[in-house]
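Sequence order for the protein chains is A and B. In terms of the UniProt record's numbering, the first sequence opens at residue 1 and continues consecutively. In terms of the UniProt record's numbering, the second sequence opens at residue 1 and continues consecutively.
Simulated from the structure, these hints should not be mistaken for lab results. Even glycine gets a Cβ: it sits at the ideal position worked out from N, Cα and C. A couple of the hints might just be wrong.
Below, a list of computed lysine to any residue pairs in the SDA-like style, where the Cα atoms sit at most 25 Å apart [what the hints assert, rightly or not]:
#, chain 1, residue 1, chain 2, residue 2
1, A, K380, A, A403
2, A, K446, B, S209
3, B, K318, B, R31
4, A, K86, B, G99
5, B, K428, A, Y427
6, B, K446, B, T147
7, A, K428, B, G225
Some chain B residues well away from chain A (every beta-carbon gap over 10 Å; in silico) [said to hold, decoys possible]:
#, residue
8, R31
9, Q96
10, M241
11, S435
12, G437
There are 2 protein chains.
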Amino acid sequence: MKFLLFTFVGVVHLFSLNSGKAIYKNDNSQRTFQEIKEEVARYGDVAKAIINLAVYGKAQNRSYERLALLVDTVGPRPSGSKSLEKAIQIMYQNLQEDGLENVHLEPVKIPHWERGEESAVMLEPRIHKMAILGLGSSIGTPPEGITAEVLVVTSFEELQRRAREARGKIVVYNQPYVNYSKTVQYRVQGAVEAAKVGALASLIRSVASFSVYSPHTGIQEYQDGVPKIPTACITVEDAEMMSRMASRGNRIVIQLKMGAKNYPDADSFNTVAEIIGSKYPEQVVLVSGHLDSWDVGQGAMDDGGGAFISWEALSLIKDLGLRPKRTLRLVLWTAEEQGGIGGFQYYQSHKENISNYSLVMESDEGTFLPSGLQFTGSEKARAIMEEVMTLLQPVNITQVFRAGEGTDINFWIQAGVPGASLLDDLYKYFSFHHSHGDTMTVMDPKQMNVAAAVWAVVSYVIADMEEMLPRS
Amino acid sequence: MKFLLFTFVGVVHLFSLNSGKAIYKNDNSQRTFQEIKEEVARYGDVAKAIINLAVYGKAQNRSYERLALLVDTVGPRPSGSKSLEKAIQIMYQNLQEDGLENVHLEPVKIPHWERGEESAVMLEPRIHKMAILGLGSSIGTPPEGITAEVLVVTSFEELQRRAREARGKIVVYNQPYVNYSKTVQYRVQGAVEAAKVGALASLIRSVASFSVYSPHTGIQEYQDGVPKIPTACITVEDAEMMSRMASRGNRIVIQLKMGAKNYPDADSFNTVAEIIGSKYPEQVVLVSGHLDSWDVGQGAMDDGGGAFISWEALSLIKDLGLRPKRTLRLVLWTAEEQGGIGGFQYYQSHKENISNYSLVMESDEGTFLPSGLQFTGSEKARAIMEEVMTLLQPVNITQVFRAGEGTDINFWIQAGVPGASLLDDLYKYFSFHHSHGDTMTVMDPKQMNVAAAVWAVVSYVIADMEEMLPRS
Chain A
1 MKFLLFTFVG VVHLFSLNSG KAIYKNDNSQ RTFQEIKEEV ARYGDVAKAI
51 INLAVYGKAQ NRSYERLALL VDTVGPRPSG SKSLEKAIQI MYQNLQEDGL
101 ENVHLEPVKI PHWERGEESA VMLEPRIHKM AILGLGSSIG TPPEGITAEV
151 LVVTSFEELQ RRAREARGKI VVYNQPYVNY SKTVQYRVQG AVEAAKVGAL
201 ASLIRSVASF SVYSPHTGIQ EYQDGVPKIP TACITVEDAE MMSRMASRGN
251 RIVIQLKMGA KNYPDADSFN TVAEIIGSKY PEQVVLVSGH LDSWDVGQGA
301 MDDGGGAFIS WEALSLIKDL GLRPKRTLRL VLWTAEEQGG IGGFQYYQSH
351 KENISNYSLV MESDEGTFLP SGLQFTGSEK ARAIMEEVMT LLQPVNITQV
401 FRAGEGTDIN FWIQAGVPGA SLLDDLYKYF SFHHSHGDTM TVMDPKQMNV
451 AAAVWAVVSY VIADMEEMLP RS
Chain B
1 MKFLLFTFVG VVHLFSLNSG KAIYKNDNSQ RTFQEIKEEV ARYGDVAKAI
51 INLAVYGKAQ NRSYERLALL VDTVGPRPSG SKSLEKAIQI MYQNLQEDGL
101 ENVHLEPVKI PHWERGEESA VMLEPRIHKM AILGLGSSIG TPPEGITAEV
151 LVVTSFEELQ RRAREARGKI VVYNQPYVNY SKTVQYRVQG AVEAAKVGAL
201 ASLIRSVASF SVYSPHTGIQ EYQDGVPKIP TACITVEDAE MMSRMASRGN
251 RIVIQLKMGA KNYPDADSFN TVAEIIGSKY PEQVVLVSGH LDSWDVGQGA
301 MDDGGGAFIS WEALSLIKDL GLRPKRTLRL VLWTAEEQGG IGGFQYYQSH
351 KENISNYSLV MESDEGTFLP SGLQFTGSEK ARAIMEEVMT LLQPVNITQV
401 FRAGEGTDIN FWIQAGVPGA SLLDDLYKYF SFHHSHGDTM TVMDPKQMNV
451 AAAVWAVVSY VIADMEEMLP RS
């Protein structure tokens, strides 16, 4: 996951007010809620069959094993890399061999950034080699590095107050971790704000809920008219230490070397496969995760897990010989980590069919044991979703939360399409997110089984119900 | 902490049977347990005063602040390093400035090992730079490194079964984490067992309860007559990945480079300070922690915390104007991580006075919120210790567990002296132990306050009671 676009669902509603009413096919449904409830209840046996196959049957641990094989084989898959290209080729073949339909690749131009060699050494008050990870899109330093005194701040407000001290220095942000969507602003905007006050570089405390001296990378954004300065994340531990040193009046000097480079855009693809609908094949329920990752760890959690439970949802439905009335479409996005590049391209290419999208789903915040489903949509649609989730009583995951979202599906949600995502242990997620620790060791096959069951039941039932989900 | 010598208290009793009866001064006490109980109860106000000063009063957060200043200033303090030397000098000055008595240094010859530059790169089945930490006392590789195929095993038993496959290879141990004292055998003996079957090097899964791709170092031991091979720890993540790769039949090749070197023994010191006893100055209650650490992180937890709550115990007692009947002796050990070198030297120098040691205490498994006190001693002594711990009711820490121990005090405990240590969150402790993550970020000032209060109350009351703790 790159960063959360919404912190509350209200934003979504503002957008959807502007969407054309003409696209709401089924807001004239004459069915009573009781009738819908009864329709959902008739999926009880199908839901049990999906759950049994995923959690207790021959498909158990399949999504974990498939994911382990891919990420052990190709490793991390950053935007523009050979390994992402290889992963897309492998997935294209996997989906065909799995017997899915209409397997194809949709072209996307994506950014290509490489970190190169990088290091940061504290020279004063004592020699200390620091773990760092350059931030995506950052420029590098000159080959001899940047050696400068440090100004430690704990907030943008403090930086403003002490703007005159920042000139010619390396700004270190030691912002506390509040939650991801708030705190990530320091990673995204830290370099720009530091450059505005004349800093030579910025080092940002990793946006993480937990640390064993682990730097956490991610995208950052330059601004037109503001000088580009090199920027990297440092560990929570080093940020806190420098903060203590500064508060004691120590002069801190760091030598920062970064070989980071931005290359011309690369060719890539969103990877698509379907189970074509039996009655309304033009109508779609979209399930998705992203195939790219950061260039450290294995991208097993972010977002291998989301991509592979999405594939698993289609595999489970196919294995049971089910074919929903609507088309179930799997999309494995490319270059999500660069700001949803693949998702945006897909939206541009397909938005003329927006009236045919019943539900868009993306899992990109972990596939641990889900607490429930996050959902954005009309209250009528939410009521239906709550009914659907009762089908997951056998695995005790029935809650529907607010704010379904995902970088790649937010374009659709903003335009009024109902959207769903999985909610699980975010503390765990942000302990490993964008770090060397995002590996298969974090993943649990049994938890992935359950997440896949939730994903398959929701997508199948919504794709098969007589009517599309109502919009606003 | 280096490694646990005892897994159950029975071992201690075996040793103590061989100790001369003559040293048990007070096994002829005519006092009833009721009288002892009443004596302990009279310390209620003193205990409250200590707790108030440490947890709520002007001394709160002092041990944390003192520790942060030291470890931020000198960094990690490996045996034989300049930084350990500097830390000892600073502490000598600190203890004098604190107004403690008989502050002095006792010479110890200690090992001097340096890891130098080190790297491990997986060349097959894909290129992957691995995080490693060479193990203490390991030899290095030739400058060009050792490039060899890998044999992955999950136990010494599997290595024996597959002994013929090991020749000329790098043995990777992917042993599961059971508990520290069991699993650490792979770190300590892994190289010797691999060398016995002809391996060129060994890489050992870090002995850790949790990992964010964090290698955990520690001591390892060569054996006479067995070839010395280079050995390092790898992350849990890489050990598990190579295990999966091997189970799929992948050929794994690693290039290992280690610049590790053993240098001649260095001069060092145990650092000692006292509050001299008012009535039985020759009798001793010893409180301690070790000042050396591994060469990564800050050695804040292992064992900065233990050393600094031990200092804090004396500071609190002095600040309250208390002087116990027996001498309260603080020892900050050197080179514990090399196998209790400082502790052994101290025992050799002082064991002729063993009959004067009422209690030996070492905190070396974390100074988080204590669950209680671990204690080794006679049942009569345990009953007294349980009474003493009731004095800590105001902070709700009253439990006395079995198996008090510490690398540096075990020499005394084996010879029959009662021994105590702090028990706290071992899962947390072994998440950071011997890793880059052992920094001040792990430490909590409020938890250190409470740990120091427990340490001070126990040491003061035992030092001040009319009789020494009874032995077997």
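A quick look at each hint next to the structure:
At roughly 15 Å between alpha-carbon atoms, K380(A) and A403(A) fall within 25 Å of each other, so this suggested pair holds. Simply put, K446(A) and S209(B) have alpha-carbon atoms about 20 Å apart, close enough for the 25 Å limit, and the pair holds. Proposed proximity of K318(B) and R31(B) is contradicted: the alpha carbons are some 30 Å apart, above 25 Å. Restraint check: the Cα-Cα separation between K86(A) and G99(B) comes to about 68 Å, which exceeds 25 Å; the hinted pair is violated.
With a C-alpha separation of about 16 Å, the suggested pair K428(B) and Y427(A) falls inside the 25 Å cut-off, and the hint holds. Taking the CA atoms of K446(B) and T147(B), the gap is near 49 Å; set against the 25 Å cutoff, the hint is violated. Proposed proximity of K428(A) and G225(B) is contradicted: the alpha carbons are some 47 Å apart, above 25 Å. Consistency note on R31(B): stated as away from chain A, and its beta-carbon is indeed over 10 Å from all of that chain's, at 50 Å minimum.
Remark: the non-interface label on Q96(B) is consistent with the geometry, its nearest Cβ contact in chain A lying 22 Å away (cut-off 10 Å). Listed as outside the interface, M241(B) is inconsistent with that label: its C-beta sits roughly 6 Å from the nearest C-beta of chain A, within the 10 Å cut-off. A cut-off of 10 Å between C-beta atoms contradicts the statement that S435(B) is not in contact with chain A; the least separation is 6 Å. Residue-level check failed: G437(B) sits 4 Å from the nearest beta carbon of chain A, not beyond 10 Å.
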